[in-house]
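Since chain A is already given, all that's left is putting chain B on it; use the hints.
Number of protein chains: 2
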Amino acid sequence: MPIYKAPLRDMRFVLNEVFNADAFWQSNPALSHVDSDTVSAILEEMAKVSENVLAPINRSGDEEGCSIENGVVTTPKGFKEAFKQYAEAGWIGLGADEQFGGQGMPKMVTVMTDEMIFAANPSFTLYPLLSIGAAMAMAQHATPEINAMYLPKMYSGEWAGTMCLTEPHSGTDLGIIRTKAEPLADGSYAISGTKIFITGGEHDLTENIVHLVLAKLPDAPAGSRGISLFLVPKFLVNEDGSLGARNPAAAGSIEHKMGIKGSATCVMNFDSAKGFLIGKVNQGLAAMFVMMNYERLSMGIQGLGASEAAYQNAAAYARDRLQGRSATGAKMPEKMADSLLVHPDVRRMLLRVRAHNEAARCFAMYAAQILDQTKYSDDPAVSQAAADRVALLTPVVKAYLTDKGFDACVEAQQVFGGHGFIREWGMEQYVRDTRIAQIYEGTNGVQAQDLMGRKVAKNNGVFVASFIAEIRDFNATLAGDANLAFIHNALEQAAKEIEVATQWVIEQANRNPDEINAAAVDYLHAFGLLCYAYMWAKMSKAAVGKDDVFYADKLRLAQFFTTRMLPELTSRLASLKSGSDAVMNFEMSYF
Amino acid sequence: MPIYKAPLRDMRFVLNEVFNADAFWQSNPALSHVDSDTVSAILEEMAKVSENVLAPINRSGDEEGCSIENGVVTTPKGFKEAFKQYAEAGWIGLGADEQFGGQGMPKMVTVMTDEMIFAANPSFTLYPLLSIGAAMAMAQHATPEINAMYLPKMYSGEWAGTMCLTEPHSGTDLGIIRTKAEPLADGSYAISGTKIFITGGEHDLTENIVHLVLAKLPDAPAGSRGISLFLVPKFLVNEDGSLGARNPAAAGSIEHKMGIKGSATCVMNFDSAKGFLIGKVNQGLAAMFVMMNYERLSMGIQGLGASEAAYQNAAAYARDRLQGRSATGAKMPEKMADSLLVHPDVRRMLLRVRAHNEAARCFAMYAAQILDQTKYSDDPAVSQAAADRVALLTPVVKAYLTDKGFDACVEAQQVFGGHGFIREWGMEQYVRDTRIAQIYEGTNGVQAQDLMGRKVAKNNGVFVASFIAEIRDFNATLAGDANLAFIHNALEQAAKEIEVATQWVIEQANRNPDEINAAAVDYLHAFGLLCYAYMWAKMSKAAVGKDDVFYADKLRLAQFFTTRMLPELTSRLASLKSGSDAVMNFEMSYF
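Chains A and B are the protein sequences, given in the same order.
Start counting the first sequence at 118; every next residue gets the next number (the numbering used here).
Start counting the second sequence at 118; every next residue gets the next number (the numbering used here).
Bound conformation, chain A alone (with noise of 0.2 angstroms):
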């Protein structure tokens, strides 16, 4: 069965050497309740949870999966209890407002242990993360009055939340759904339709679920324009909190899929089920797009969870495993072969999913820190600075760590020979398992139109060269020490390439918007590797000078990532010039 370590001697250097979070709280009063001591007593015991509750049901998980009969869904044995134990020890409120009986941490903090569920059992992390996000729109949205009566019920894992957008018509496009909303004569509404992919839509874990679902008004508009957003609970509530009526609001099937096979996914079918108006009229999108934008940031770490415990299996098997001898003559004589990491290939395919997922949880951290300035600051324009450049990184997030993610399981993978395939040893269930993280939540080359589109062209660039200006400024700290003028001098360059580039898609796509989807995943993929390479830069000057071999190594690791890895944003900008012609040019009836 596959291992798994949480990396807290990482998430402390990035947390605390290289983002210094003690400042950055003690500087937010509203974060002042923060500090590392309890964040590393906090990580501790997550690691625990992770490593000894969830990823022991990780591969059983897989084997078994959910079943549904006559409407009620079975989750895989053990997920009931882990979630009872997990859900008790207040693991779902972490990051939660304390009005509604969380614990009011940071991202920050809900970042790296996000990781370490995602890593241990992203199959079983799905059922509490929907409940949260569910809870996040409605805290922002709901009335207050719903808010008290179910977001400490949602926290404490009582009860859980789902989110319904799509339809079988009806996913990226959701201006064109179906379902209705149907105005009562008490104020609240008929909900009817049906919604697919719809995680957690059914099953055992908790004795409610609130649904939010997307739908229209009789007389909405027409498009993205007339949608409103309800809630809908699976069993109506009472005044006193406690559960009343079943609604008509149940699951028809479970998706048979090629991964996260604890997760129940689900076909829900709306019966003129009972359903609250959360926020404005016609302005749902707007509210789940809270939930969206949540949810979006921890699908990127859904990809850094599974690439880390990809890793460390990874590399365990290439110690462990004899296999042919050093080129440059044998390394264990004594043995009948040497260990698998003397050929210089497996240590390559190691460190590239290493230095992916050092710069991803960096990254993620950098991203958390400036979603925390959004929510905590006190000083509105800090706080409308991050939430343009949260606008700019949450699509970057959310693909660019789900590619490389996926890549680095494969990858991974590979180490093992013949027995990555074998469902055993559980290394191709983490390649199923990460699959659909480049998927949903708006898959990535609608993250990367989101990206092109909204937040680079649409802005003439404003955000980007607000983030590069902030590259520079850092850089800049970096010039005269020879020991970092490796990383000092790729990641000017990279922000050179990048800026030209921008320059050149936002004159393109001025002449023919089908440049910006054209240039997307390319251009995302070339910014992914320039935040890569600026958090690297963080990392190196974290390290440098400090005499421990924890230090030398991320150096090292700096230097891979430089030569090895960097290069790939030259020729992905080179492709991008081949524009939209390349691709347009071919008759509908060629494919």
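Just so you know, the hints here were simulated from the structure itself, not pulled from any lab data.
Owing to the predicted nature of the structure, the values given are computational and were not obtained by experimental measurement.
All the given hints hold, so there is nothing to weed out.
Identical copies go unnamed one by one, so any copy, or any two together, can satisfy a pair.
Restricting the straight-line Cα-Cα distance to at most 30 angstroms, the calculated cross-link-like pairs of lysine-lysine (DSBU-like) are:
1) K492 / K575
2) K613 / K694
3) K201 / K165
4) K122 / K452
5) K658 / K694
6) K165 / K122
7) K575 / K397
8) K575 / K448
9) K448 / K297
10) K575 / K452
11) K694 / K448
12) K694 / K663
13) K448 / K122
14) K452 / K297
15) K492 / K658
Just chain B now, with coordinates in the frame of chain A:
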């Protein structure tokens, strides 16, 4: 359920218009019985078999998988009947010598039929494929008596064949196998040991199974020079060809795998099983490599077949799925949304897959023609040059076509959005089934090591120089045609970059042998891109000036390849230059 139509038009284009097969066959007396009309009829028949017999049991075979009870393996529903039909039509012997009941078709033909059956049903395909591989090794190394007895039965599909190499502790490194062969008084051997990952080691498709087993004699030298090859039939064969006693060569279990679940992958226990030496004592690896090289080309075709099938499904889905609107204004205003094909990024994904498929098909044919020269040419100089070229290209075909084939399946799956993750759509099966092709028959890392070490550095780049000279000769014929300038220039640039990088690696390797393996995978990918550029140049030359949209589209796709995909070559070579220090400088304990 997924669709599949054999791409006959494209196959004929490559065979007849790019490679002028008729002229080639007529110029080789040993192949004068082959002509394009006959081949066309064969392809049409095989298209029917693939589309109507094999494809329909691909999804169900994956869902059902193989099972074992008391050593008896049952293949999925329909496999037995399909195998019977396939065998009785003579397909297994299509490429076999007529003296053993084969049809004597050259590799230039079977490379296309292999593509079809791999596209339709890779799990099924492995059963006849392993038989053919085993038969080929026997044809070259076994005694005439053994061949007369066994080969006709194997080509007729009455019996099947396997290759038994891997042991639990011994995969890539075959020098450390432990299976023993004790000489018996009658000249045969008692074979004892455990082999794993044995494709088709046991099944219910044939009345007998012929295992080719690597084992060591008691006095064998250590390492790979002490390995001999043995024929170990499941049932011993009487002198009259009838079946005799059950040999103690049995399946202990079957593996639970990520994919190719309809293919029985067995743990085989040999318990003093009677075996017969094939070829010379201690020269088993060389004999087995006849089979390995054949298999390696076929594995490349597996990658191609899967991505062709994946492309067809993704293109059909993109055409039919209505979602969102074109950035340049609605293209289907009467519909609720436009086809996915209005989105440049969807086209980008589809075109990447298709540009790979067409280049891979052409490259496989190119390799097949050279293989045919090694076998059929009556000019020893041509035959030797062809053998050298095959040696150079075999690892590239195997690794590059499967790496890109896997990526292509993932990309085609992405076109489906959430539906790509659902088993019923079949896209995720292409991904799972194709993943193994990067691993078995020598992992792609091992292929890259073979290319960089034995095929490039060891002969000081002579094979590469000769290949590049051929490319330049060909490319000179494109000079001056303005319609071909784009590919002419791109090909020369790619050839030059590979030329320089080859010299660079060889020089580095002279100082440090680790440089070979450190450079191997990036070199192979850059080399693969050069090969694809060469194929696109060949296809462009065959298409230019012809008055049909079919040909105009070939040139458009060549352009897409050149501007959108070829730039990766440069970054691969930049990465490679980081050298081995970047990976070897870490202590073993770091991992």
